[in-house]
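Asker: Each chain, written out:
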Amino acid sequence: MDQTLSERASTVTLRVNGTDRSLTLDHRTTLLDALRDHLDLTGTKKGCDHGQCGACTVLLDGRRVNGCLLFAVACAGRSVTTVEGLTDGEVLHPVQEAFVARDALQCGYCTPGQICSAVALLDEAARGEPSHVTPPERLPGGPVPLTPDEIRERMSGNICRCGAYPNIVAAIEEAAR
Amino acid sequence: MKPFAYVRPERTEEAVAHLAAHPGARFLAGGTNLVDLMKLGVTGPPLLVDLGALPLDGVAETPDGGLLVGATARNSDVAAHPVVRTRYPVLSQALLAGASPQLRNAATTGGNLLQRTRCPYFQDTSTPCNKRVPGSGCPAREGVHRDLAVLGHSAHCVATHPSDMAVALAALDAEVRLRGADGERTVPVTAFHRLPGDRPDLDTVVAPGELITGVALPAPPPGALSAYRKARDRASYAFALASVALVLTVEDGRVGHAALAFGGLAHKPWRARAAEEVLRGAPATAETFRRAADAELAAAEPLRDNGFKVPLARNLAVGLLGDLASRATAAAA
Amino acid sequence: MTRHEPATAQPRAAVRRDARQKVTGEARYAVDRTPPGCLHACPVPAAVARGRVTAVHADEILRRPGVHAVLTHENAPRLGDADDPTLALLQEDRVPHRGWFVAVVVADTPENARAAADALRIDYAPSEHDVRLSADHPRLYTPEKANGGHPAVRERGDFDTAFAASPVRLDATYTMGALHNHPMEPHAATAWWDDDGLTVYDSSQGATTVRDVLARLFRQPQQRITVVSAYVGGGFGSKGTPRPPAVLAAMAARHTGRPVRLALPRRDLPAAVGHRAPTVQRVRIGAAADGTISALAHDVVTQTSTVKEFVEQAAVPARTMYTSPHSRTTHRVVALDVPTPSWMRAPGEASGMYALEAAMDELAEAVGVDPVELRLRNEPDAEPDSGKPFSSRGLAECLRDGARRFGWAGRDPRPGVRRDGDVLSGTGVAAATYPVLVSPSRASAHAAPDGRFVVRVDATDIGTGARTVLAQIAAEALGAPLDSVRVELGSSRLPDAPVAGGSSGTASWGWAVHKACAALRATLASDPGRTLPPEGVTVEADTKEEAGRTYPYARHAFGAHFAEVRVDTATGEVRVGRLLGVYAVGRVLNARTARSQFIGGMTMGLGMALTEHSTMDPSFGDFRERDLASYHVPVCADVPDIEAHWVEEHDPHLNPMGSKGIGEIGIVGTAAAIANAVHHACGVRLRDLPLTPDRLLPLLTTRASAP
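Chains as they are written, first to last, in numbering that gives the first Met the number 0: chain A, 0 to 176; chain B, 0 to 332; chain C, 0 to 706.
Calculated directly from the structure, the hints in this document are not laboratory data. As the structure is a prediction and not an experimental result, all values here were calculated from the model. Some clues are possibly wrong.
What the hints assert, rightly or not - Here chain B is said to cover these stretches of chain A; the calculated rule only asks that three of the stretch's residues, wherever they fall, bring their Cβ under 8 angstroms from a Cβ of chain B:
| hint | segment |
| --- | --- |
| 1 | 4 to 18 |
| 2 | 82 to 94 |
Said to hold, decoys possible - Listed next, with one range per pair, are the computed distances between beta-carbon atoms:
| hint | chain 1 | residue 1 | chain 2 | residue 2 | range |
| --- | --- | --- | --- | --- | --- |
| 3 | C | Arg138 | B | Ala281 | 55 to 65 angstroms |
| 4 | C | Ala124 | B | Pro2 | 38 to 48 angstroms |
| 5 | C | Arg131 | B | Asp251 | 54 to 64 angstroms |
| 6 | A | Thr18 | C | Ala12 | 31 to 41 angstroms |
| 7 | B | Pro22 | C | Ala118 | 13 to 23 angstroms |
| 8 | B | Val204 | C | Ala118 | 26 to 36 angstroms |
Each residue gets a CB set at the ideal place from its N, CA and C atoms; glycine is no exception.
Kindly generate the complete structure, drawing on both the sequences and the hints.
Answerer: So, in structure tokens, the structure goes:
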């Protein structure tokens with residue numbers, strides 16, 4: 000067989016929550032499954048496995064992505080932050096604090112994805128990235144003010160079936176202050 | 000999902016050569032649709048050629064006043080790009096109307112163009128589908144098709160193209176740059192996607208092994224305004240029931256340049272040439288806009304359950320024409 | 000019975016106890032603990048709507064690397080009878096509906112299991128199928144009971160005569176398609192057998208129930224089975240009965256002798272874990288010119304499967320809600336070749352109150368009476384159906400308080416007159432009700448010598464806040480500080496307890512906890528000076544007697560929902576601008592978690608009204624919208640800043656806490672409030688949920704087509 004086609008697994012190094020982790024993985028293994036099944040980082044959840052719910056949201060080189068739609072092998076050499084990597088020892092990230100304070104969760108299954116998404120959202124808005132509801136006349140440059148409508152649109156890639164949305168919006172408003 | 004081999008070349012020629020050498024191999028970019036389809040069993044390439052290391056992710060202004068968007072530029076980066084936001088707002092708006100922030104951070108320009116229909120029968124390997132298995136039949140025509148095509152469909156396929164971005168590109172007269180083993184070529188976005196005809200398995204004119212390297216946007220017409228409108232089942236994170244992209248100039252109360260494209264209505268982004276014919280040079284009035292939309296949608300052949308798309312598209316187009324025309328008039332005053 | 004007054008020291012809005020575990024990712028759900036040597040199972044759904052499996056080509060799959068087993072009806076362990084035919088998995092060749100599991104593939108990795116399951120060839124002998132529900136289906140029949148044990152038919156007085164004689168007559172039929180629970184955590188289990196028997200980490204709403212059913216299926220004594228449901232990613236009814244993952248994982252583990260993990264793909268859920276059955280509901284109201292109701296009929300047609308009878312009890316709330324001297328409420332059902340419907344948040348009330356409350360809005364319009372006032376005019380003195388007095392009935396207060404908070408006074412009743420460009424806005428109201436239910440439970444309370452307490456009960460916290468509220472109940476009963484009480488729940492090793500369902504969890508578990516803690520407090524108080532032994536003191540309680548009591552009262556929670564919507568007449572898109580609920584639910588034990596429950600219920604009601612659209616595919620016999628891209632549950636952008644309030648209600652006829660259930664009432668009536676607001680906005684009365692653009696737009700006069 001052609002050499003190129005014979006290898007169905009590879010050894011890859013991922014920088015996960017600040018630590019290099021070397022893994023030999025089936026190419027079919029997604030970043031989500033690599034985190035959960037190979038690194039026991041089960042905070043990141045599988046809600047749909049098709050990029051339709053956001054429960055698997057992690058930060059890849061600081062940007063939020065759906066871990067279920069990325070092959071881990073394609074993430075080799077990149078830096079991944081999961082919900083477990085947001086805490087500083089026992090100290091919660093301000094977004095995590097706000098989620099607790101505002102009861103921005105119920106069953107908790109979508110919560111790690113919501114929180115990773117919210118952390119990225121704060122950064123995106125600070126960098127001036129627009130959203131669907133940002134007024135088109137608002138020209139590039141300067142942070143985008145995080146109105147409730149901006150937060151709602153920017154959090155719409157994370158489904159919460161328990162319906163904690165109003166509290167999630169309140170928590171992110173609080174963390175943005 | 001079937002096991003597959005994986006390579007990550009650093010040069011474009013290498014990537015193209017891999018595909019030429021391995022029948023059935025596929026390019027992998029953001030993966031937001033390909034990985035999804037591999038999980039569903041719709042496709043099972045033996046080799047993935049990852050484009051992530053290729054130098055194709057730039058967005059650069061061109062000497063002729065246009066913009067070259069790299070094939071692997073992320074949808075989020077393109078949407079936020081200052082030049083896109085100021086000179087091609089329709090493109091920024093279309094991108095931001097699609098998917099979710101997470102998906103836009105992974106999805107690329109080339110991959111967005113190549114994404115496949117969300118027709119439920121195409122995605123369900125336990126049902127027939129001419130697009131997935133040529134000759135197996137099209138259950139959507141008599142089955143569940145509320146979301147499917149009203150324009151340009153065939154007896155073999157009633158699928159829609161799901162992209163928002165491609166609709167904006169069609170209205171912007173963008174061109175797709177392709178590289179194959181035999182060299183490079185350029186195809187207008189409006190000719191890039193096919194109508195289904197009797198070969199619904201072919202979404203586009205891309206030849207086997209050809210790689211999209213970028214999309215070239217011409218300089219926008221002087222004074223042009225542009226915008227994108229989309230109707231959907233929920234307020235965000237849903238495919239278009241119908242959408243419209245418009246690039247418009249108005250001079251002395253008359254329409255100058257008018258490029259109108261519909262999304263969610265057909266197997267391809269639907270450039271509304273008949274509507275544009277009515278618009279060009281006509282008074283920029285609501286009456287003109289209604290006539291234009293009707294001229295285009297007269298060709299619609301709705302299925303049993305998707306007739307609503309015709310008035311929906313008409314209203315979206317008339318509304319957006321009216322809004323941009325009043326903005327243009329206000330700007331001129 | 001005396002209502003237990005709260006100790007002043009108890010915080011009434013205690014922070015959710017497991018919030019930290021959930022925001023850090025430490026909380027472990029059913030497939031978050033993979034034992035060493037664990038194999039991975041993937042079920043194979045049937046690809047025909049009805050028929051028989053004639054061959055499973057397992058040999059082709061077993062040759063693949065990593066594949067350990069293929070379980071089918073030919074080789075799977077024989078199961079005992081557990082009185083739930085949806086769990087008689089891999090026992091025979093019959094395929095009762097598309098998506099019924101016909102095989103399970105077990106492999107060394109999830110990737111290999113899934114690939115092998117996808118590749119497994121199965122031959123079928125298909126039969127003709129019938130999956131179309133209609134109000135005139137020839138095989139409709141009247142069941143003995145609807146879900147919840149309610150009689151299928153109730154009649155009082157002479158409806159036909161009274162209706163015919165009424166000055167105002169409303170006769171309207173409302174339809175809604177299937178709805179899917181879609182909790183964020185797909186149903187999943189990890190199972191293994193060892194010397195102690197079977198252990199299952201299951202995503203369920205009640206580990207005791209799952210244990211009891213597994214004991215019967217696998218013919219084991221209950222003590223040889225341990226089920227853990229420590230953290231559960233939502234259920235909304237779909238995890239209220241044991242589901243295939245626990246059974247299939249346990250079968251595969253027994254077959255292979257290894258631990259087995261099985262998580263259902265999202266696309267498998269609609270066929271495998273129940274749905275809210277579609278309904279066709281005819282409501283007839285005969286009223287006087289002032290809106291006083293004399294005759295009320297609610298006739299429900301719905302579907303079940305050929306596997307098991309489940310009848311959505313949608314006509315039941317009409318037996319409680321309004322004055323109706325002459326009444327008929329009926330259910331008819333047809334067994335189709337469809338997946339088996341089951342519980343979904345407020346089964347019966349959610350669907351039935353959509354129709355009844357939309358009909359009340361139509362009646363209000365017909366008689367020219369404000370819809371809030373119309374409901375007040377039809378407040379009954381006693382429960383119409385039973386004749387029993389209400390233990391408490393706060394509906395009028397909820398309506399009045401809600402109207403005040405919402406700014407309802409002075410509302411212009413005319414539809415279609417509040418226009419801003421293409422957008423028309425309007426407001427609507429609907430009432431809500433949910434019964435007070437309670438089941439027997441056990442619990443234990445333990446006092447340690449260091450002054451700390453441990454409460455044990457096999458409750459399940461599916462996101463309701465049970466961990467938090469049970470600690471509050473315990474602390475209150477013990478007269479102890481909240482932080483001195485630890486609660487252990489979510490394991491069948493703990494004292495037996497009923498499922499988290501029927502909005503009865505807090506009442507059922509809480510009563511047992513209260514009883515155990517009160518007894519413990521009495522024990523400790525009986526000898527104040529004594530030093531506790533090193534092992535502490537434990538008291539056990541069982542509320543079998545209390546929960547089995549009959550009461551001379553009708554006991555229900557009530558509420559009122561107010562909605563403001565915007566209808567885009569150019570697109571048919573509807574967006575909710577405001578949503579406000581006021582509830583009368585006895586004593587609210589934790590304001591923070593209660594509010595979350597209410598707004599969560601209302602959000603699901605919003606989805607029911609506007610976005611959640613499911614189509615039964617007549618050719619293939621399955622739901623066509625099986626993923627979260629096509630079945631639209633509301634996203635953050637759909638949901639406004641919802642308000643939830645409650646009125647003070649002291650009801651001495653409930654339980655020691657004085658509480659009514661709160662988990663479901665938020666969804667009841669919300670869809671009607673929104674649909675009524677849509678009518679008020681644009682004048683279109685669409686009696687078919689959800690109100691999506693494809694249905695609404697053709698009925699709207701648009702700017703573009705206006706002259």
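Asker: Next, verify each hint and record whether it holds.
Answerer: Verification of the supplied hints:
Remark: the segment 4 to 18 of chain A is confirmed as covered by chain B, as 5 of its residues place a Cβ nearer than 8 angstroms to a Cβ of that chain, reaching the required three. Counting residues of the segment 82 to 94 of chain A whose beta-carbon sits less than 8 angstroms from any beta-carbon of chain B gives 0, not enough to reach three: the coverage restraint is violated. Between Arg138(C) and Ala281(B) the beta carbons are some 60 angstroms apart, a value that agrees with the proposed interval 55 to 65 angstroms. As the Cβ distance of Ala124(C) to Pro2(B) is approximately 33 angstroms, the hint placing it in 38 to 48 angstroms is violated.
Range check, Arg131(C) to Asp251(B): Cβ separation about 59 angstroms, and the 54 to 64 angstroms hint holds. The beta-carbon spacing between Thr18(A) and Ala12(C), approximately 39 angstroms, falls within the hinted interval of 31 to 41 angstroms. For Pro22(B) and Ala118(C), the hinted distance range of 13 to 23 angstroms is satisfied, since their beta carbons lie about 21 angstroms from each other. Distance hint check: the CB atoms of Val204(B) and Ala118(C) are about 33 angstroms apart, consistent with the given range 26 to 36 angstroms.
Against the hints set out earlier in the document, violations occur for numbers 2, 4.
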